[in-house]
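Participant: Protein sequences, first through last, are from chains A and B. For the first sequence, this note's numbering begins at 32 and goes up steadily by one. For the second sequence, this note's numbering begins at 136 and goes up steadily by one.
Honestly, the hints are just simulated from the structure, not real lab data.
Within a straight-line C-alpha distance of at most 35 angstroms, the following computed DSBU-like cross-link-like pairs (lysine-lysine) qualify:
no., chain 1, residue 1, chain 2, residue 2
1, B, K528, A, K89
2, B, K528, A, K151
3, B, K535, A, K110
4, A, K147, B, K477
5, A, K147, B, K528
6, A, K89, A, K156
7, A, K112, A, K154
8, B, K412, B, K154
9, B, K477, A, K89
10, B, K535, B, K429
Keep in mind that this is a model prediction, so the values were computed, not measured.
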Amino acid sequence: MAYSEKVLDHFNNPRNVGTLNKDNKNVGTGLVGAPECGDVMRLQIEVDEETGVIREAKFKTFGCGSAIASSSLATEWLKGKTLDEAQGIDNMDIVEELALPPVKIHCSVLAEDAIKAAIKDYKTKNGLATE
Amino acid sequence: MEFQKLIYLDHNATTPTDKRVVDAMLPYFTERFGNAASRNHSFGWVAEEGVDYAREQVAQLINADEREIIFTSGATESNNLAIKGVADMYKSKGNHIITATTEHKAVLDTCKALEKQGVEVTYLEVQRDGRIDLAALEAAIRPTTILISIMYANNETGVIQDMRAIGDLCEKHGVLFMSDATQAVGKIPVDVQALGIHLMSFTAHKMYGPKGVGALYVRRKSPRVKVTAQMDGGGHERGMRSGTLNVPAIVGFGKAAEIARLEMHDEIARLQKLRDKMEVDLMQLEEVVLNGNKEHRMPHVTNLSFKHVEGEGLMMTFNQKVAVSSGSACTSASLEPSYVLKALGLGDDLAHSSLRLSLGRFTTEQEVADAVEAIKNGVNHMRSLSPIWEMYKEGVDLSKINWESH
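Here chain A stands alone, though its shape is the one from the complex (with noise of 0.2 angstroms):
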């Protein structure tokens, strides 16, 4: 299976790789996936309280190229969103930046798990409401 040109950038330049402190207010941790699958995202987030923009995004990923491209790519667009905008995200954004073939969407579907775990963790530590 041939990857695409940016899942091959993302692999082998991979962005925002780390660790948060998840015991931070304001950092919202999710972890998504299972070992048994195959796939699993860690994705943080760190946010300021006053302006609630993410400004700080990390990831870690035990996953194939097409998940850690996935992860790599979210904590990139997350860098600089409200949380509201980062709700927004949809894996069908990522499946076309990356250009995934139909094999790989569940990789996206992963990453923006990910990132709504994130934010829930957060608002959930924060008092926020979480619908």
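Got chain A; can you put chain B on it based on the hints?
Facilitator: Coordinates of chain B only, in the frame set by chain A:
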């Protein structure tokens, strides 16, 4: 697509055709192009001679008589012919077949097709090391059992079954013993007489021969075994497999068999040494698990799980340099992890983290050293990206986490 020459460590998938085999085949395309069944002129006779010699070589390789070799299009066809052929030919004796969960799809799918027609099949589980439990096998035999089909060496793990013991059980209970020996023939000594095997399938392209040709060994004496042909039309191959013989490919198969027989012992010694060193080097990394019985396996194969790293991603780190395969779901069209590794009782996470490395005739020490370095770097890189590696390092018990499945 631009073709890059990588270090090839995927010989269980296929092997390059030995140049000596190609040289032997070439005249049969353009000069000696006759149909081996053309009885009336020298084009036919010359082709037939080429086939006869090849048949002898193939037979010698497995200690059989050349009249016991049926040429087919490959091991998949041979498996179909053996299993379906026996099921039909011996249906008055019974309708029960025993096989194992770790067999190749060519055997499993054939059995599933027969089940739809009313044949009963028992799929034996294997033990943690990949070997059949002989007591369980014996217990599964019924008065209606007509065939036991157990592969000689597994394609994913290289694990070799106790063939002599299975042969003894089959003899004791009067059941035919068939083996898919595709991964063993031409690579290790296989003797159908010594092992009590009645039917055996194998193929040229796993032993440095061309793709598109294989054989089915069908025993002639004590007992005389017969199979119902699955390909009708002219009665070639003693009525068991009709169709014009692929003369050039068969000639190549014969040459490959001859080379294998003459060079096997040296090759085994060399490859085992290389494989053992490669394995030791790779297992210097933390958290690496060897899959399958360490003692009873092919000398050139190793199947390793690199924990907390996914196989396809890992292969991507070095796929410009090294060609191997993985048991990860992401590498299969069905998105299911390797059923063979699952049958060994590995958790899916270990199946997703597995690599299969299989060395070959032309693999050099330098290639292995380069591959080991590339793989080790890849594993370390992937672990730096892996949240579960981080959690493992922090002492988190991953089995206790409530993973949110998707």
